[in-house]
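Chemist: Take the sequences, apply the hints, and build the full model.
2 protein chains.
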Amino acid sequence: LAFTERQLIAAIRRRAGTSRFPRSPARILAGIGDDCAVLRLPSRHDLLITTDFTIEGIHFRREWHSPDSAGHRCLARGLSDVAAIGGQPLAAFLSLALPRNTSPLWTQGFLGGLLRLARQFRVTLAGGDVAESLRGVVADVAVLGMVPQGTAVLRSGAKPGDKLYVTGRLGASAMTLQALRHKGKKVAQARLYRSHFFPQPRVAVGSFLRRRALASAMIDLSDGLSTDLRHICEESAVGALVQAARVPCSPGADLQQALHGGEDYELLFAAPQGARIPALIAGVRVTRIGEVLAGKGRWLLDERGRRLRLEPHGWQHFASGE
Amino acid sequence: LAFTERQLIAAIRRRAGTSRFPRSPARILAGIGDDCAVLRLPSRHDLLITTDFTIEGIHFRREWHSPDSAGHRCLARGLSDVAAIGGQPLAAFLSLALPRNTSPLWTQGFLGGLLRLARQFRVTLAGGDVAESLRGVVADVAVLGMVPQGTAVLRSGAKPGDKLYVTGRLGASAMTLQALRHKGKKVAQARLYRSHFFPQPRVAVGSFLRRRALASAMIDLSDGLSTDLRHICEESAVGALVQAARVPCSPGADLQQALHGGEDYELLFAAPQGARIPALIAGVRVTRIGEVLAGKGRWLLDERGRRLRLEPHGWQHFASGE
Chain A
15 LAFTERQLIA
25 AIRRRAGTSR
35 FPRSPARILA
45 GIGDDCAVLR
55 LPSRHDLLIT
65 TDFTIEGIHF
75 RREWHSPDSA
85 GHRCLARGLS
95 DVAAIGGQPL
105 AAFLSLALPR
115 NTSPLWTQGF
125 LGGLLRLARQ
135 FRVTLAGGDV
145 AESLRGVVAD
155 VAVLGMVPQG
165 TAVLRSGAKP
175 GDKLYVTGRL
185 GASAMTLQAL
195 RHKGKKVAQA
205 RLYRSHFFPQ
215 PRVAVGSFLR
225 RRALASAMID
235 LSDGLSTDLR
245 HICEESAVGA
255 LVQAARVPCS
265 PGADLQQALH
275 GGEDYELLFA
285 APQGARIPAL
295 IAGVRVTRIG
305 EVLAGKGRWL
315 LDERGRRLRL
325 EPHGWQHFAS
335 GE
Chain B
15 LAFTERQLIA
25 AIRRRAGTSR
35 FPRSPARILA
45 GIGDDCAVLR
55 LPSRHDLLIT
65 TDFTIEGIHF
75 RREWHSPDSA
85 GHRCLARGLS
95 DVAAIGGQPL
105 AAFLSLALPR
115 NTSPLWTQGF
125 LGGLLRLARQ
135 FRVTLAGGDV
145 AESLRGVVAD
155 VAVLGMVPQG
165 TAVLRSGAKP
175 GDKLYVTGRL
185 GASAMTLQAL
195 RHKGKKVAQA
205 RLYRSHFFPQ
215 PRVAVGSFLR
225 RRALASAMID
235 LSDGLSTDLR
245 HICEESAVGA
255 LVQAARVPCS
265 PGADLQQALH
275 GGEDYELLFA
285 APQGARIPAL
295 IAGVRVTRIG
305 EVLAGKGRWL
315 LDERGRRLRL
325 EPHGWQHFAS
335 GE
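Order-wise, the sequence lines are chains A and B. Position one of the first sequence corresponds to residue 15 (the numbering used here), numbered consecutively onward. Position one of the second sequence corresponds to residue 15 (the numbering used here), numbered consecutively onward.
None of these hints come from the bench; they were simulated from the model. Be aware that one or more of the hints could be misleading.
Since copy identity is lost for identical chains, a pair holds within one copy or between any two.
[Stated by the list, open to error] Here are the computed lysine to any residue pairs in the SDA-like style, where the Cα-Cα straight-line distance is at most 25 Å:
| hint | residue 1 | residue 2 |
| --- | --- | --- |
| 1 | K177 | A24 |
| 2 | K173 | I42 |
| 3 | K197 | R208 |
| 4 | K197 | R318 |
| 5 | K173 | A25 |
| 6 | K177 | R318 |
| 7 | K197 | H59 |
| 8 | K197 | S170 |
Since we're looking at a predicted model, the values are computed, not measured.
Modeler: So this is what it looks like as structure tokens:
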């Protein structure tokens with residue numbers, strides 16, 4: 015027996031209630047149950063907003079992803095976007111369209127995964143919408159955050175001579191998808207693949223870099239290093255050189271997965287040459303991988319010292335190769 | 015030939031650019047093209063956020079609704095929610111999932127309808143997401159608005175003795191859907207049906223009531239009077255009596271359509287007995303239809319003076335009776 019829309023709203027409201035009004039720096043004056051959510055931010059802060067789709071068959075598969083992994087990843091996308099500005103996440107809004115036959119067990123698992131991550135980051139589920147989907151689960155999550163006025167770290171601030179850094183290790187998500195394609199769901203148990211199923215948005219790292227004014231430009235690695243580096247370069251009107259030998263690959267992942275695989279949710283940032291970037295920020299390893307160049311070219315310096323064009327291999331989620 | 019995701023983002027960005035940075039009271043410091051939109055509100059304002067799905071086959075049909083009507087209605091839902099708080103809309107975020115075969119012509123028409131309404135209300139399209147949909151168009155629009163601190167008109171403020179009012183006339187949308195079911199698309203041309211295809215969110219009326227502190231509770235009529243009145247009564251812990259003879263039916267609509275039909279996007283509000291409510295606000299007719307009662311009952315006083323239970327006839331969009 016599936017939830018009716020009214021039951022679904024009641025379930026969301028009941029479960030969100032346990033994580034509602036946490037020690038959030040934004041006051042939620044009205045949440046689920048009014049025409050709009052009403053929030054009061056502390057004064058002298060800028061507001062951040064990001065929205066991300068999570069579509070069954072595109073961003074996750076029911077036969078591969080447990081409901082709590084799907085729910086976790088759904089919110090992680092927006093938290094990672096807020097992290098990439100250096101912001102503090104405050105509230106989330108879940109628009110959830112379910113096929114008529116969706117079991118309440120799946121729905122509860124999905125909400126459980128989403129709300130566990132929300133609590134971890136003191137984010138309130140403050141609203142959204144529900145509807146029937148004609149095919150597959152469709153979720154759209156809006157995340158609201160804030161930064162002190164004028165301190166947002168944008169994609170557009172990189173300057174020639176800046177150094178390029180990434181957090182954590184790259185390629186784990188692409189490696190997991192390859193394993194899922196070949197071996198199916200049983201891989202989900204392996205600890206090796208945890209960062210695909212339950213990625214940890216780098217909110218503390220982004221916030222540290224913003225507070226110390228260390229980063230000139232920043233983005234999160236959702237599309238893959240080669241594509242997200244292009245975003246930074248295009249918005250900043252610069253080029254870049256990445257040293258292959260420096261790219262930190264996840265255990266088991268190869269360079270191609272680290273360069274082009276999406277959904278690692280690590281941060282890529284540029285910092286002026288003189289900036290002192292710690293090797294470890296909030297417990298997360300930070301690695302220098304290259305530098306920002308004048309011009310428009312994006313290059314990969316391979317192990318043999320050859321300079322190759324670094325083409326973005328468009329991350330097409332599950333659409334590619336299927 | 016359908017748009018690729020990259021072409022779609024470019025089309026949205028190009029078209030939104032023409033309506034970007036209008037004379038909006040919120041400064042958009044970063045919009046489409048960064049990880050988050052960054053907004054600065056004037057000081058001493060509360061923030062409003064609402065999100066609404068628009069799903070093909072549920073909220074519109076391609077054989078009934080022109081692309082610009084679908085785009086218009088998609089944004090109108092959120093603007094109407096902001097109106098129901100008494101707020102000023104500032105920015106919109108469009109998450110748009112399109113089936114692979116969607117023609118650029120349809121997409122451009124949809125964006126055109128949405129952006130024309132955005133310009134009318136000086137709302138900036140400041141971000142969103144795009145994805146592939148496995149079936150039908152799925153849009154989710156988040157609208158951001160604001161009110162001066164502490165002035166939001168919620169659903170929860172109605173008191174026994176308050177009078178109940180609605181704006182405009184009711185039932186036109188239900189009447190249009192019935193005509194579409196019987197006669198198909200040709201009705202779309204008739205001027206009579208315009209308020210279904212291009213509803214006008216009552217932003218000026220809501221704002222007037224909020225500025226003058228005239229309304230104790232307010233909601234927009236998206237689910238239908240009988241259901242939305244229940245929302246106000248539940249959130250305010252009160253009952254209500256509606257006088258059938260006073261309900262303003264749209265030309266051609268009957269009382270049942272006016273009471274239970276959804277998507278009229280008029281406002282329903284309560285005001286203390288002494289409040290002087292103009293008969294016309296911002297050019298829109300305002301009608302007293304009943305009063306707020308103690309207790310939990312919701313009643314309809316029919317033409318013969320009988321007191322009947324006013325049951326919510328759940329508005330199920332196009333799902334009902336199909």
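Chemist: Hints numbered earlier in the text: which of these fail when held up against the supplied structure?
Modeler: Numbers 1, 4, 5, 7, 8, in rising order.
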